[in-house]
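Fit chain to chain and form the complex, with the hints in mind.
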Amino acid sequence: MAVASMLPRAVHLPRSSDVARHAILLGFGFLMAFPFIWMLLTSFKPFEETLASPPTILPMSWRPENYAEAWRAANFPRFFMNSAIISLTTVGGTLLTSVLAAYGFARLRFPGRDALFLVFLGTMMIPQEVTLIPNFVLLANLPCPIPVDTICNPKGSGWFDTFTAVSVPWWVSVFSIFLLRQFFLGIPNDLWEASQLDGASHFGYLRRVVVPLSTPALLTVALYAFVQSWKSFLWPLVMTSRPDVRPIQVGLSTFALENGTYYHTLMAASAFTIAPVLIVFILIQRHFLESIARSGLKG
Amino acid sequence: MTVGQAVEPRSQPHEVPAQTRALKNTARRAARRWEALQGYGFLLPALLLLVLFHLLPVFYALFLSLFNARVFRDMWSPGPFIGAGNYGRLLTSGEFAQSLGNTVWFAGITVPLGLVLAVLFAQLLNARIWGRTGYRVTYFLPYVTSTVAAAVVWRWIFQPRVGVANSVLAWLGLPGQQWADEPRGVFLLMGQFLGVPIDGWLSGPSLALVTVALVSVWYSVGFNTVIALAGLTTIPIDLYEAARIDGAGRWRLFRDITLPLLTPTLLFLLVVETIRSFQSFDFFYQMMAAVPVPGAKVVTIYLYQQGFQSFNLGYAAAIGMVLFAIIFLLTLLQFRATRSRVVYAD
Chain A
1 MAVASMLPRA VHLPRSSDVA RHAILLGFGF LMAFPFIWML LTSFKPFEET
51 LASPPTILPM SWRPENYAEA WRAANFPRFF MNSAIISLTT VGGTLLTSVL
101 AAYGFARLRF PGRDALFLVF LGTMMIPQEV TLIPNFVLLA NLPCPIPVDT
151 ICNPKGSGWF DTFTAVSVPW WVSVFSIFLL RQFFLGIPND LWEASQLDGA
201 SHFGYLRRVV VPLSTPALLT VALYAFVQSW KSFLWPLVMT SRPDVRPIQV
251 GLSTFALENG TYYHTLMAAS AFTIAPVLIV FILIQRHFLE SIARSGLKG
Chain B
300 MTVGQAVEPR SQPHEVPAQT RALKNTARRA ARRWEALQGY GFLLPALLLL
350 VLFHLLPVFY ALFLSLFNAR VFRDMWSPGP FIGAGNYGRL LTSGEFAQSL
400 GNTVWFAGIT VPLGLVLAVL FAQLLNARIW GRTGYRVTYF LPYVTSTVAA
450 AVVWRWIFQP RVGVANSVLA WLGLPGQQWA DEPRGVFLLM GQFLGVPIDG
500 WLSGPSLALV TVALVSVWYS VGFNTVIALA GLTTIPIDLY EAARIDGAGR
550 WRLFRDITLP LLTPTLLFLL VVETIRSFQS FDFFYQMMAA VPVPGAKVVT
600 IYLYQQGFQS FNLGYAAAIG MVLFAIIFLL TLLQFRATRS RVVYAD
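Same order as they appear, the protein sequences are chains A and B.
Residue numbers for the first sequence follow the numbering used here, beginning at 1 and rising by one.
Residue numbers for the second sequence follow the numbering used here, beginning at 300 and rising by one.
No wet-lab data here; the hints were simulated from the structure.
A portion of the hints provided could be inaccurate.
[Unchecked claim] Reference listing, derived: stretches of chain B covered by chain A, where coverage requires no fewer than 3 residues with Cβ under 8 Å from a Cβ of chain A:
hint: 1; segment: 355-361
hint: 2; segment: 458-469
hint: 3; segment: 511-522
hint: 4; segment: 526-538
hint: 5; segment: 570-582
Predicted model only: the values in this text are computed from it and were never measured.
A virtual CB, placed ideally from N, CA and C, is assigned to each residue, including glycine.
Chain B extracted, bound-state conformation (with noise of 0.2 Å):
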C-alpha cells in the first residue's frame, strides 16, 4: 500500500504538473511526519516509565557510587566524593570475594542441573502420553508460586529437628542434617560421613547454599521445561525417522539430532538461567531468616545487607554495578563461546 504510493509518482513523472507534484510530495511529507509524530506518541506513556525507573537508574547508580553517600537529603550531593573508592574497597573486601564465590557456586550448581533436568523432562513429555497436560502443569506450578511462601514451606520441610527431609534420611539409615542453618561444606559433611577428613577449599560449597540451589532449581525447572519443549517441537520428524531407517539408536538419535537442533533453546536457556542465578535473592532471604549464614551469603544478599542495613548506600551502589558487568560479561561469553556451535534447523 504504501509501497505503491511510493512507486506511483515515479513511474509517470512527466504527466503530472510539477505544481500537482510538489503539492502531493508536502501532502505526503506530512502524512508521513503525522505517522511519525503518532509513532512517538503511541511509544512514549512505555518509554517514559522505561527511561525513569529502568535506564536512568543505571546512570544513577553509576554517579552514586562514586560517593562516599550514606544518608542525605539532596540526592545530587549525596556525600563525599570519593572517585573509585568504593570500587577499590570492594575489589579488596574479602566479604565481597567470599559472596561473589558463593554465588558462583550457586550458579555453577543451579545452571546444569536446571538445564539437564529441563532437556530430560522435555524429552520425556515430548510424546503422545495420557496426562501430558497434567504433568505440565505440575511441573510449572513452583514457577507461579511466590518465593517467600515456597521458601516458608522448604524451610519447614528442611527445619532440622522434627522436618520431613530429616525423618526421611533417619529412616534410610543416614544422620540427620542442618540444611539451610549448615554452614560447612557438602563435601567435607560426606567425608565426616565415610571417614575421609576433607578440609578447607576442598570441602565445597555450604550445605546451606546447596540446599537453597535444590529449591532454586525446582521452583524454575517448569519454566525451562515448557520452553525446552517447544523447542523441541520445531525439530522436524522426518529427521528422526530418516535416522532410525539408517539404524540409529535412541542415544544416537539424541546426540546427533536432538542436542544440536535444540540449541539455539539451550543457549537462551543457559543465558536466562545465569541471570537467574546471580540475581537470586528471595530464596536466601526468606529460609535462613534474613541472616545467611557466611557460606550462603551470596552477591545479593550483601548488596542488600550494604544498602537497606548498614545503609552505605554509594557502596551497594557500587556492587549493584559490579554484578552487572559481570552478567552483562557472562551473557557475551556465553553467546560468542556458543555461536559457533549453534545449529539451525532451517
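So here's chain A without its partners, still in its complex pose (with noise of 0.2 Å):
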C-alpha cells in the first residue's frame, strides 16, 4: 500500500477484483473471438492438414494460396462488385431519404406529424418475413420505366432479379431517421434565425447548415446501411435468382452448399467476404458503439 501510493498515479498497481474482472473478460473474449482466428489459421492450411484429427493449431505449411484459389473457385469478383453496388447505393439512398425526413420532423411542423412519426416507428415492429412474401410478388408486378437488365426487366417479371429489387427497397431506415432526427434536435435554433435573415430556405439550411454539423451522426448511419446491406442475406437469396446480380452473401452461401467439404478455401471465402465490413467497423467503432448505445437508451 505504502509503496502503491509512492507510485505516480497511472501505473497504480492492479487489484485481485481487476485481475478477475480481466480474467473472466478474456476468457469470454477468447471464445468471442475464437471463430476468426480459428477460420485464418484454417484459411492458410493445405487441405490435407484440414482433415488432420486432432487438428494442427498452426497450419505446418503455410499456404497464402488457398486466397487465390477460393477467389477464383466462384465468381467472387462478380460479387464483390454486386455487393458494392448494392450497398453503396443503399447507402446513398438511405442518408437522402433519412436527412429529408429526420430534418421534417425535427424542424417543420405540419398537422399530423406526430402520428407519422409513430406509423414510421410502428414499422419497425413489422418483421421482415411478413412483407417477404408479399413483397415477392409486389417486386415483379411493379413497372419498368428503364429496360435495363439490372434495374428492371422488361419482359414481365418488373424488378425481380435486378439491383433495384436488392436495393431500393431498403433506401429507408426508422431507426436512421430517429437517430438523425435527435441530432437535428440538438442543433441550436439560432442558427436557423440567423440563415433566415441570409434568404435561406429549409432546403438550403438544411444543406449548407444542418448536414455539414452532422457529420458523426450521418457517419454512423451510413456505416449501419452498409452493414446492414452488405450482410443482408435473406432478402436478396428470394429477390434474385441468377450469379449476375446476387451478392456476395448468397454467392459465398452457394458456394459453401456446393463445396461444403474444401474448408481451407471456404474459410478464405469467408474471410474476404467479411473484411470490408470489419475493416469500416474498427474505423469508426467510437462513433458507431456511441450512436447504437444511445439508440438504446430511449427504448
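In C-alpha cells form, the structure reads like this:
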C-alpha cells in the first residue's frame, strides 16, 4: 500500500478484483474471437491438413494460395462488385431519405407530424418474414421505366432479379431517421434564425448548415446502412435467382453448400467476405458503438 | 420565435386596423401552409418507400393468405379464394406446430442466455480498466460480420468428424457429437452419457437447435452488451456510494440498485432479443445446408420452404401473418408484464 501510493498515479497496481475481471473478460473474449482466429488459421492450411484429427493449431505449412483459389473457384469478383453496387446505393439512398425525413420531423411543423412519426416507428415492428412473400409478388409487378436488365426487367417480371429489387426497398431506415432527428433537434435554433435573415430556405439551411454540422451522425447512419446491406441474406436470396445480380452473401452461401468439405478455401472465402465490413467497423467503431448505445437508452 | 408571432397580435389587438390584421392573418396562414407543404415534401421519399415496401405488403400478405395461391400471373387473382382455409390448415398442421415449438425453444434459450451474459459483460466492463475499448470491439465484432460467413465458420468448428469442438470434447474425455446434424434432444443425449434413459418430450430441444442457439447468442451478445453498458452508465454513482456507506455488499448493490435501475434497458433488450429470435433464419439455413433436421426446423425455415421451395405462396403468407401476430402479442405482453416493475431513475 505504501509502495503503491508512492508510485505515479498512472501505474497503480492492479487490485485482485481487477485481475478477476480481466480473467473473465479475457476468457469470454477468447470465445468471442475464436471463430475469427480459427477461420484465419484454417484458411492458410493445405487441404490435407484440414482433415487431421486432432487438428493442428498453426498451419504446418502456410498456404496463402488458398485465397487465390477461393477467389477463382466461384465468381467472387462479380459477387464483390454486386455487393459494392448494392451496398453503396443503399448507403446513398438511406442518407438522402433519412436526412430529409429527419429534418422534416425535427424542424418543420405540419398537421399529423407526430402521428406520422409514430407510424414510422411502428413499422420497425413488422418482421421481414411477413413482407417477404408479398414483396416477392409485388416486385415482379412493378413498372419498368428503364429497361436495363440489372435495373428492371421489361419482359414482365418487373423488378425481380435486379439490383433495384435488392437495393431500393432498403433505402429507408426508421432507425436512421430516429437517430438523425435526435441529432438535428440538438442543433441550436439561432442558426436557423441567422440563416433565415440571409434568405435561406429550409432546404438551403439543411444543405449548408445542418448536414455539415452532423457528420458524426451521418457517418453512423452510413456505416449502419452499409453493414446491414452487406450482410443481408434472406432478402437477396429470395429476390434474385441469377449470379449476375446476386450479392456476396448469397454467393458465399451457394459456394459453401456446393463445396461443403473444402474447408481451407471456404475459410478463405469467408475471410474476404467479412473483410470490408470489419475494416470499416474498426475504423469508426467509436462513433458507431456510441450511437448504438444511445439508441437503446430511450427504448 | 413562432410563439412570439402568434402572441403579438393578441397582445395589442386594438391598435392594428382590421384590414392590416386580416392581411397579416392571411400571410401567416399562407406561411404555415407553405411550411406544412415543405414538411410533407421532406418526408415524401422515405414515406413512399416505407409504404410501398414495408406497409402495403402487410396488407397484401393478408389478402394473399386468403387464397390458395401457387403460381399465378395476375397479382389480384392469385388463385381460388379459400377464406380462412390456409389458417385452418396451419392450425391443424403438425409440421407447423413442431416448427413453432422449435422456435419457442430457440427463444427460450437465446433470450435468457443472451440477456444474462450481456448484463454480466456490461457489469465487468463498467469500470476504468485497461483495454476496455479492445474488449468492447472484440465482443461486438460478430454482430458486424455476415451471418453466412459466421455460419460457415461455425459449421467448420462443429464439423462432426474433424471439427475442433469434438477434438476439445475428446481431449476432455467426452464422446464426440453431431452438433448441427443431431436431431436427438440434449437431455436424451446427456441421459445416454450418464446411463439414465430419457425419452419423449423430456428429451428436450435437439442438439442441432441448441448448437444454433449458442451461435446466435455469440452473434448478438455484443450488441446487447453495448446497450446494457449504456444503461449502466446512466445510474448515478452517488447511489452506490450512499449504499456502500450503509454497509451494503456487492451483491446487495447489484440486486437493489443496478438491477431495478437497469429495467428499462432490460425491457428494451428483452423485446429486441425476442423479436430477433423469432425471426432467426440465416444460421438455420446455412449451418444445416438448407435442410435442417426436424428438431431444428423453425417457423422461418418452414415459411421459406413453403413459399420458395413448394411455392405455396398463399399458405406461406398465412404463416408470415401468424408469426407477425405472435411477435406483436409477445411484445405487448412483455411491455405489460414489466411496466409495473420498471423503475426510471429521474
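Each hint tested on the structure:
1. 355-361: Holds, because 5 residues of the segment 355-361 of chain B bring their Cβ atoms closer than 8 Å to Cβ atoms of chain A.
2. 458-469: holds (count 6)
3. 511-522: It holds, with 4 qualifying residues against the three required.
4. 526-538: Holds: 5 residues of the segment 526-538 of chain B have a Cβ under 8 Å from chain A.
5. 570-582: holds (count 7)
Hint violations for this structure: none, all hints satisfied.
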